[in-house]
Structures are given as C-alpha cells and as structure tokens.
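Protein chains: 2
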Amino acid sequence: MSRSCERLQEFHDQISTDLKRTVKFWVENSHDLEKDGFFNCLGKDGKVYDTTKNTWLQGRQIWTYSTLIRHVPEVFGTEKDKILDFVEKSAKFLIYKVKDRETNRCPFSTTPTGLAIKYQRSIYTEIFFTMAMIELYSVTNNDLYKEEGLKMLDKIIYWTQEDDTELGRTVLPGTTPIQTLAVPMVVLSLGLLPLPEDRMTKYREIEEKCVKDIMKHIQRNGKVILENVSPDGTELPGSIGRLMNPGHAIECGWFLLEYAKKSGNSELKQIALDKFIMGAFESGWDAKHQGLFYFLDVDGWSPTQLEWDMKLWWPHTEALIAFLMAYDQTQDKKYLDLFEKVFDYCYQHFVDKENGEWFGYLNRQGDVTHTFKGGPWKGCFHVPRCLMMCQLILKKLLKKETDT
Amino acid sequence: MSRSCERLQEFHDQISTDLKRTVKFWVENSHDLEKDGFFNCLGKDGKVYDTTKNTWLQGRQIWTYSTLIRHVPEVFGTEKDKILDFVEKSAKFLIYKVKDRETNRCPFSTTPTGLAIKYQRSIYTEIFFTMAMIELYSVTNNDLYKEEGLKMLDKIIYWTQEDDTELGRTVLPGTTPIQTLAVPMVVLSLGLLPLPEDRMTKYREIEEKCVKDIMKHIQRNGKVILENVSPDGTELPGSIGRLMNPGHAIECGWFLLEYAKKSGNSELKQIALDKFIMGAFESGWDAKHQGLFYFLDVDGWSPTQLEWDMKLWWPHTEALIAFLMAYDQTQDKKYLDLFEKVFDYCYQHFVDKENGEWFGYLNRQGDVTHTFKGGPWKGCFHVPRCLMMCQLILKKLLKKETDT
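Which chain is which? The protein sequence lines are A and B, in order. For the first sequence, numbering that gives the first Met the number 0 assigns the number 0 to the initial residue and increments by one for each residue that follows. For the second sequence, numbering that gives the first Met the number 0 assigns the number 0 to the initial residue and increments by one for each residue that follows.
Please keep in mind that the hints were generated in silico from the structure rather than gathered at the bench. Values in this document were obtained by computation on a predicted structure and should not be read as measured data. Each hint can be trusted.
A partial selection of chain B residues facing chain A, derived with a Cβ cut-off under 8 Å: (1) 42; (2) 49; (3) 300; (4) 301; (5) 374.
Here are a few chain B residues that sit away from chain A, every Cβ distance over 12 Å (derived from the structure): (6) 27; (7) 76; (8) 188; (9) 217; (10) 262; (11) 282; (12) 340; (13) 343.
Every residue, glycine too, gets a C-beta built ideally from N, C-alpha and C.
The following block holds chain A by itself, in its conformation from the complex:
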C-alpha cells in the first residue's frame, strides 16, 4: 500500500478546513452590500484594491455559493439563509443591471453599479451567467432564474452551433478559422448543471457535438492536446497552433470523465484518463521546480506568452479534481499518488492558512509573485469548487474504507 492511501483522512481534513477558511474569506470581504454583486479585486487579507466588477467572476461566485449550498451547506454555518438572500440579490444585479436586455450579452467588466466598461468577443461571461442561474434555480426553485438560465443557454447554443455574428467578431481576409479548446469544453460543462429533465435530454446532442469537437484537439498521433486547432481538426501553423495549456487539458479531462460516466462511454473515459489527464500532466509538470507550467509549445520553442513558465493556481486545482476523480472511478493508485504530489505542492505554495483562499500566481521557482487573492481573472470559483469536490470524493472514499 502506497503512502498516499494512508493520507486520505489527512487530505480530507486539510481540505475541509481550507474550504471553510476560503468561504469565510469571500463572505467577509467580497460582498458589495450597497449595490449587490461582488468585489473581486481583493488583496491578501481581503481589502478591496479595485471596485471594477468582472462579470466572469460575478457569475462564477453565484454558481459557487449556490453549489456549496446544494452540496455542503454546513460551510456557511448559521449564515446560510442570509447568504442565499445575498446570492439572489446578486443574481438580480446580473439580470437587471449587467445583462443587456436587448442583445442578451453580458459585458466583461462593469462599474460597481453594473454599467458596461468592456465587452469580449466571446461567450464566457454568458456561460458563467447561465451556470449562476441554473445552479441558483436548483437551490431556490425560483422560476426567474430557470427562465434566465435557459434563455441564455439557448443563446449560447445559437452562438456556438449556428451563428456567432452577434459576438462582434470580424472575419478579415487573413484570418484563419480557429477552434479553441475552451469553447467546446465550457459548452460541454453546462451539461453538468442541474438542468430540468427535458432540457437535459435535449442537451445530449450538443454534448455529443462538443465531445466530437474536443477530440479534434488530440494531435500528433494521439500524443498531445493542442489548445487551438482548425475547425476540421488539423494542426494550425505557427505559435498559435503549437500552443499547449496543460491545466486546461486536465480540466477538460475531468469534464470528459464526468460526461463519460453519465453517458456510460468507457472508451471516452479511457481517452480522458490517458490523453487529457495523464498526457497533459506528464508534459506540463515542471521536473525541475515542480508545479504545472501555464503554457508550452509542443515543439519546444518558447511560448510567446510572457507568463508561460509561471505556476497558476487553477491548473493545480483542476489537477486535484482530475486525479481524485480518476482514482475514485478506477481505484488505480497511480492517480492517488499524483493527487498527493499536487496536493503537497499546493499546500506548500498556494494556500494561505492565515487569511484564507490561495495565492494565484507563483514564479517558476514557486515563490508568490502576486499577493492578491482576487483579481480581474481570479475570483471565488476554482479553489472552492476544487475543495468542495475533493472533500465529497474523499468522504466517499473514507466511508468505503470504513465499510470494508
């Protein structure tokens, strides 16, 4: 028996404590009690250093709180009802203040009152809006959120499967059509939401299409996952075509594992395990300094992204989920050993036991380079989602141990 098996209880306890500490951090520091919604630019100890609201993170925090209420309500203690009340207010802030009622689009960033500062030519704000609404519906049964969520889901299906003109992208004479891994991934992930049953059945077709699109990113004779490919699944020339984002591929891996389980597709399960989770981890792990690189070039050129060799929090949270889920689904110890490896790296480098939440950005050597806990791209999402999911799986594994 490898050592990692003996540490299940320790993993569970550390993670449970961390989840409580992390939730406390966001509850105490991020709520805009005056205008609703959340401040997402928070310093090390929670102080607001910028009042801009980033819509990705507004939607994600509503989703996170709702899913915590659904699965581990105890993390909010006696505050649960008060929190849910604030989540509803924040959802209404998104619906009535942030979303453009005419176009159904959500700006990327807004003022504290919800006035649009900037739009992205992509669907991510709308994805997180949908996740927020559907998850909140499942804990409130309030039809407003269901309607808002499903209406946006329909728009996302339209933009991604039929016509993306409304996203404002201009096709120029030299533009090469690109399929990013992100789009089919996030659209697939919407199928993990507690959708109404009739919609779930209807969504299966979209999920299958997404899986087919995701498979196009397996390149070089099945050896690597590339972040961008042509819509017909061939490798693109230049840096953009050679780009790998190991954390993203690993996250995609556990999305696929979930879907394979749901759809009973054992072949897909194996692809998720071998190509997306193990393959990306093996190429993405820094043998010299530990931790997952942010970007890599499949041919070993320097990626043009300046931050390529940094260690970001989210590839590591996704790796924790992926390895624990893989272990749970296969009972293969190698996955638990890798979970242990990532766990130890995270708890040595990212976790702030004093103030809660994780630092988000380390240099290649593993030193914290950015002291904030929340920023334009980091909110209340990856860390609590990871801790909640891992806690639930660990609880199940520990129960199985006791039962046998």
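Fit chain B to the supplied structure of chain A, relying on the hints for placement.
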C-alpha cells in the same frame, strides 16, 4: 574621476561590435525575399518559428534600416545598396499590400502576403508606418514615401487631436475616458523625424500639445509618473490609475530631452531629467536583483499584469539612451554612472554575443525565460536604435576628450 568615465572607449567598442552583430542577425535571418517585408518571429539563432508578420515591427524595421543608412551606413558594409533596395521593396509591401487604401489603417498582424489577420483599436501600426516612410524618404528622396508618410501623419493628427471614431473604439456607459502616456509620447516622437521643413514648423503646435498632455502624467505632488490618467490630468481610480511603467517613463524622458533641446526649453529639460528619467529609474530599479521592473503599482499593490516583475529588454535600451543623452547634455557624472550600471546589467544578461541581438525576456532573477530574438512584440528596433544612438553619443564624447 569615477570609473565610468574611464570606460567610454570600452562602452563604445562593445556597443559598436554589438550593433554590427545585431544588424547581421536581422539581415541574415529576417528578410522575406519571396514576398518582401520581414519575418519577425525568429528563434535564438534566427530560425523562423512563425511566419505571421506584425505590422508594428514591419514599420519599425524599415525605420531602423533607413536610420542606420542615414547615420552609420558602415554597419551594412558592402551590402548597403542591396539592403536599401530591399527596404524599398518592403516599404512598398506596406503601402500596397498591408495598408487599407480606403481607411488608411494598417492591420496589427498579417499573413506573409500582407492579408489582414487582426486590427488594434489604436494608432501604433500607423505611427510606425509614418516613421518608416519619412525616414526612408530622407535616404531615398523618393516622393512616394514622403507622400505616404505625410498622408498618414495627417490621419494620425486627425485621429488623436480631433476624432478617433475611425479607430473603432466603442464608448460604453461605464467607460471612463483614459489618456495613456503612450499616445502623446509617440505623437511627440514623430517630431524627431526628418520631416520636410514646412511640415516641421506646422508640427510644432502638435508637439506643444503633446508635451502638455505628457505633463498630466506627473502625479502625487510631482513624485511619480503614472501610465494612465484622466484627460483632464487627474488620477484614475483602481489598478489602471495606479499603474507605473518605468521603462516607458524613461523612454518618454529622452523624447522630452530631445524636444527640450530642439525648442530651447530648459525648464522642460529639467523635468525630463528629474521626473521622467531619474524619478522613474529610482522607483523602477529592482534593488534586490537589479534590472528594471516592467510594471509597478504606485501604492505597492501587486500589479494585475502577470509579467510585472519580469525584466524586459526595451526598458533597458531606453535607459541606456536616456542616461547617456542626459550625461551628454549636462556633463553630470551621475548619469554616466547610471549608464554604466544599466550597461553592465544588459551585457551580463540580455546580450547574445554568439548569435547577435538581445534576449528579450528575463525573470526577476535575471535568467532568460524566452529564448527567441524576435516575437510578436520584439523586432528590429529597440536594440539597434539604442546601440546606434549610444555609439554616436560615445563617439562625440570621446572626440571631446581627445580635443581637450
């Protein structure tokens, strides 16, 4: 007499050798002899790793070659006429293939044949187009380049002083009007071009307006240069308002020094020296690991840019120019001592004596993180411009020494 004074000859010789080596690197590796223009994504030894052409760098390389031909033609040796011929071909590539004849706008990036891939909502490609044309006109006397350069100059004046609608920026309800330091800086720098005399006189008014705008970036009781301010010169809230870019302020400093000299404005000269060059250097220099930080937050928060603590080549080339120019204009040894400090850092960390050119990106500790010599943002510009300008000033200083 401080040691830096004894090293003038050494500085001159190192820099002259480096300039020759750098020019050789670009001449041997970047020319697209088939379609004209330049490949700007070049690996350590000059191998092309991406054939995308970035228009900033196309214009900049034409400017650089032209200015080298004007001031130090010997760096091209016997190849000079052949090079000039290729520069003209590349200028025509920009005029007839890259520029949109209808809108007068230049895309940010193109295919090797010049088909537009992407546009930026800013004026930088057009700035470098103008620099290319006017500088090339001065070494060819070909009216085509003069006309193209002046036509674009008029558009830039229109976009920056009257109406920027054509740049495609959308003003949203939450958008705060922002003045970036970059815009008045680059528009001012066009006055350093060898413009026809009547245009030079006419341009004086624009230059004065730019200087006035640049002064708005001096904030916090004259203590710091902020990268973004409101159009009326007050500090903006949040991270964007607190942002400092030391290398940019230093580069702006030598632009101002040049203009102060040209316009005989001794008060402006002092501001350039104290606030822009010395002030930005003192706040931007990393006392722990040496080198200039890329970004800083004036209140000591972590900048939200992931690359804030990296050491980029161009802030250092601009510091070399600024300190040597400051020494030349003031005879104050403190500037030469700082030139020496930056010189030693550069020649220990950035310079590639084996292959020519400089590495562009180091981590905070000073290790090379990106091995390429050219990328989407790094072409044939900052290094050769710096080496040429420093060589000319050093030659002058050495001559003065011999004469006395």
